[in-house]
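*Asks:* As a plain string of letters, each chain reads:
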Amino acid sequence: MEYVIHLSIVSGIVAILGMSLNLIVGYTGLLSVAHAAFYGIGAYVTAILLAGFGVNFFLALLLGMALAAAVALLIGLVLSRFDDDYYVLASLGLNIIIYSVFLNWNTLTRGPLGIPGISRPELGIGGYRFGLTSNFSFLVLTLLCAVLVYLAARFITRSSFGRVLMAIREDEQALQVFGYRTVYYKLAIFVIGAVMAAVAGALFASYITFIDPTSFMLRESIFMLSVIILGGLANTNGAVAGAVILVVLPELLRFVGLPSNIAAQMRLLLYGLALVLLMIYRPQGLFGKYRL
Amino acid sequence: MNAKEIVWIIIAIVVIGGGWLLLRDTTPADTSPIKIGFIGPLTGDAASIGENARAAVEIAVEEVNAAGGINGRPLEVIYEDGQCNGAVASNAANKLINIDRVPVILGGACSGETSAFAGAAEQSRTVTLSYCSSAPAISQAGDYIFRDYPSDTFQGAFAAKYMTETLGTQNVAILYAKSDWGNGIKDVFRREFEEMGGNVVAEEGYEQTSRDLRSQLTKIKAANPEAVYFLGYTEASIPGLKQAKELGLNVPLFGGDAWDDSKIWTDTGPAGDEAMYSIVYAPLNEEFRIKMKDRVGTNEITICSPQAYDGVKVLSQVMEKVGTDSEAIKNELYNTIYAGGVSGDRIEFDENGDLVGANYIVKKAMNGVAEPVQ
Amino acid sequence: MDLFVQLTINGVIAGAIYALIALGFALIFGVTKFFNLAHGAVAVVGGYAAFFFLEHAGLGVLPAAALAVCVAGMVGFALHKTVFLPLRRRQATNLVLLIAALGLLTVIQALIAMFFGSQFHPLSQFAGAQEVYRIAGGAITLVQLIIIISALAVFGLLTLFLKKTKFGKAVKAIGDDEEVAQIVGINTHAIIGYVFFIGSAIAGLGGVLVGFDTGIEPTMGLSLLLKGIIAAIVGGVGSLSGAVLGAFLLGLAENLGIWHISGEWKDAIAFGILIFFLIWRPRGILPR
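Residue numbers (the numbering used here), protein chains in the order written: chain A, 1390 to 1681; chain B, 9 to 382; chain C, 122 to 409.
One thing to keep in mind: the hints can contain errors.
As the list claims (entries may be wrong) - Ranges between beta-carbon positions, derived for each pair:
1. A/Leu1512 <-> B/Asn73: 43 to 51 Å
2. A/Leu1466 <-> C/Arg404: 17 to 25 Å
3. A/Asn1626 <-> B/Tyr289: 54 to 62 Å
4. B/Thr39 <-> A/Ile1651: 42 to 50 Å
5. B/Val381 <-> C/Tyr254: 42 to 50 Å
6. A/Val1529 <-> C/His310: 53 to 61 Å
7. A/Lys1678 <-> B/Thr217: 32 to 40 Å
8. A/Gly1520 <-> B/Thr217: 32 to 40 Å
9. B/Gln148 <-> C/Lys202: 28 to 36 Å
Unchecked claim - Computed from the model, here is a short list of chain B residues facing chain C with C-beta under 10 Å:
10. Gly77
11. Gly80
12. Arg81
13. Lys229
14. Ala230
15. Lys250
16. Glu254
17. Ser270
18. Lys271
19. Asp275
20. Thr276
21. Phe357
22. Asn360
It should be emphasised that the hints constitute simulated quantities derived from the structure, not laboratory data.
It should be emphasised that the depicted structure is a prediction, and the values quoted were computed from it without experimental measurement.
For every residue, glycine included, the Cβ atom is placed at its ideal position computed from N, Cα and C.
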């Protein structure tokens, strides 16, 4: 049962990442592979504040979201000048640059040593302290956050703001002709997505209680992209489905009993194969409404 | 009673009876195997360490079971791949703790692995005995976290002392892999070396996945060091050593315990000549050597395999004495003194669960083979 | 002064490697207009094919390398035939092709790791002792010299080939406008197939040479590819001379850039350059 709770927490975190990236990629059509950077910012802010200064988790979470928003604003401004292929490349480059910062800015992030001893969230009501030390309680927190993100995503996509985003995806120039300042919309959704990713990062840091730069490399961004491509772009439910599938499936491989050399590569193989086959036979993913 | 009520009663009986059958502890306590977990890099960069350690563990398990097991029960190990990656090791540990319900995990190898799941292990009161993690921070990881491999605070200090006193070098450069191991030792070394009056003329880090160290080596060469402390793993050290020679960096190269991999010396050939490195002194013994050779097919006994072997023996001895309750095992480990192992003369744990004392020797490579320096 | 010379030499060597990757990439981009991320994988295939021929078939260095280059070319051609062509026939967008290419890169790397293990292998052990030459205070090995000469030679031959032959003219035509080329009667699908073969073969050569210089491992493809892409963009997308120019500029910038900064920031420098160019000069230095 504990194992199921563990997988559920991980799925929840990935689902938040998927839903937030979906807003950027699926709805607005901005193919960003920089998302792991914001995931990392949320995680590192939480880690540093919790492990180093004993700050309350929820405060650290807010600060992480704020920093992610600020960085996203800067990066978003840079990226908004590009379209399509160049957007991908630029976001890729930015991801690698931010990863370098995580890895090399030793005084702040301890570089490859990582940050251990991150505490679990604590709630203080009056004089009573309640710590989320059991995994089950952490699962509740994660699900709560996931549901909030889900509702926020639904709200955005059903609003007129969301409709403008989808219009940008389909034909940005036409919108501009109509007088819409598309740059602002793109920037806004990029920042919103980044803030959500930071929430996932904070949860991740507090759950595993240890983070190091290797969790925020380019391959993580590619993994997130695969989650929503599999689940189907422009579909919030799809993002959740994709997250659960891509978290649980590799774990199931653990039980199949392949020789260990093959097992690790098999995971990558299936994952790459899934991307290729999806592109050939079902580019809109499982539940998607938007064909790339 | 009508038919419907009878059906409900039957269903109730089935559910309760089935539930009881499923949930009761069906294993008779006498002869079922005692299971412990193992986490190590069975794939990836550090696979040579993980696979070799696994072989050593298998030998130890066979010996334990051949001698009657633990109070008559056979010992069984569940092997999980940590891939030298925190997130992967964390998942692996979660499975071992929550599905297999092991009282003890022998692992991880890489410090990143151990650091990642130490929290979960501590929380679930699962004893963790790492056979290879040397990051200094692990000393504070928790009550239930032990290691029979010394903390890197020893290794950095040893190297500083050796380079100052034995090699007589005052100005050295540091080339290190950016990882918990590389950064950890580098920091300790720098502190100790400078305290002894030494001068670090250059410090260049490289990403663990780099294979081209020419830029860093070029800058180091320009700083004119008398020696270079090169903290690298196998993969980068092979081209690194060659590139150093190619660039004309002809000063002594001193490495860390990761250089105790024969692959480095066979692959670099003459470029590796005269390179030295510090390694925990493991007395080994003939029997262990022979059994490893039988199982692995080569003479290769990588670092940490002796510690993994001894880890199994220590745990078996403890479980023989106090049973499989993890808290009892934990308490007993603090009182354990294990002598005559293959990884060292004596295994004893201090109040942090760290191995007490560390005995290092220096090996030098020549003609593709590394031998202890007399 | 010695430091400067050596860093420059290092930069030229790196530039030559990037050029080999960038050339193939630019060639393929020129006719298909999409970013073939699987290009990195064929470089790895080349390296491992050479390893296979050297280790298991006992061939000599030159025959093994030549065969490996052909194998890489064929794999590239196969990818075109089985995945990219069907997708392009269906008018798939560039993003779909890019993601499919990414999937292929992952698959190929995983397969290679399954068959050959994920360890790092230097190919130089098959080539014997390395000769080191001293030039103006800096050192360079024979293999590194070969890399530089190969890059320039391939560039030269390729440019000549494309300028002087009918095939070359067809390639240019397709690059200008594929539909028109088809209307005019050029068998675009076949020509593109050949382009994939040639481009992948060049990348395979890059993989083989990198194998001899440092070594091979299954994950080397992505980093080589990314540098090649940066080179192609910086130099001018779709243009061969641009790719080569961009490659050498990138190599030099990376290596000279760390003169006063720590070497660990090399990647950040490379991608910083990419962003810079994408913002201020997306067409590159020598656009088509």
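*Asks:* With a cut-off of 10 Å on the beta carbons, see whether aspartate 275 of chain B makes it to chain C.
*Replies:* holds, 6 Å
*Asks:* Please verify that hint: threonine 276 of chain B, Cβ, nearest Cβ of chain C, below 10 Å or not.
*Replies:* Constraint on threonine 276 of chain B satisfied, holds at 8 Å.
*Asks:* Given a hinted range of 54 to 62 Å, is it respected by the beta-carbon distance of asparagine 1626 of chain A and tyrosine 289 of chain B?
*Replies:* holds, 60 Å
*Asks:* The hint says 53 to 61 Å between valine 1529 of chain A and histidine 310 of chain C; measuring C-beta to C-beta, is that right?
*Replies:* For histidine 310 of chain C against valine 1529 of chain A, whose Cβ atoms are near 57 Å apart, the range 53 to 61 Å holds.
*Asks:* Taking the closest Cβ pair, is serine 270 of chain B under 10 Å from chain C?
*Replies:* violated, 13 Å
*Asks:* Note whether the CB distance of leucine 1512 of chain A and asparagine 73 of chain B lies within 43 to 51 Å or breaks it.
*Replies:* holds, 49 Å
*Asks:* Using Cβ atoms only, decide whether lysine 250 of chain B comes closer than 10 Å to chain C, and label the hint accordingly.
*Replies:* Where the cut-off is 10 Å and the nearest Cβ of chain C is about 7 Å from lysine 250 of chain B, the hint holds.
*Asks:* Min Cβ distance, phenylalanine 357 of chain B to chain C: is it shorter than 10 Å?
*Replies:* violated, 34 Å
*Asks:* Tell me if lysine 229 of chain B is really an interface residue toward chain C, meaning its C-beta lies closer than 10 Å to one of theirs.
*Replies:* Holds. Min distance 8 Å.
*Asks:* Return the status of the interface hint for glycine 77 of chain B: holds when the least beta-carbon distance to chain C is below 10 Å, violated otherwise.
*Replies:* violated, 35 Å
*Asks:* Is the hint on alanine 230 of chain B kept, meaning its closest Cβ partner in chain C is under 10 Å away?
*Replies:* holds, 4 Å
*Asks:* Going by Cβ atoms only, is glutamate 254 of chain B closer than 10 Å to chain C?
*Replies:* Glutamate 254 of chain B check passes; min Cβ-Cβ to chain C is 5 Å, inside 10 Å.
Consistency note: the structure conflicts with the earlier hints numbered 4, 5, 9, 10, 11, 12, 17, 21 and 22.
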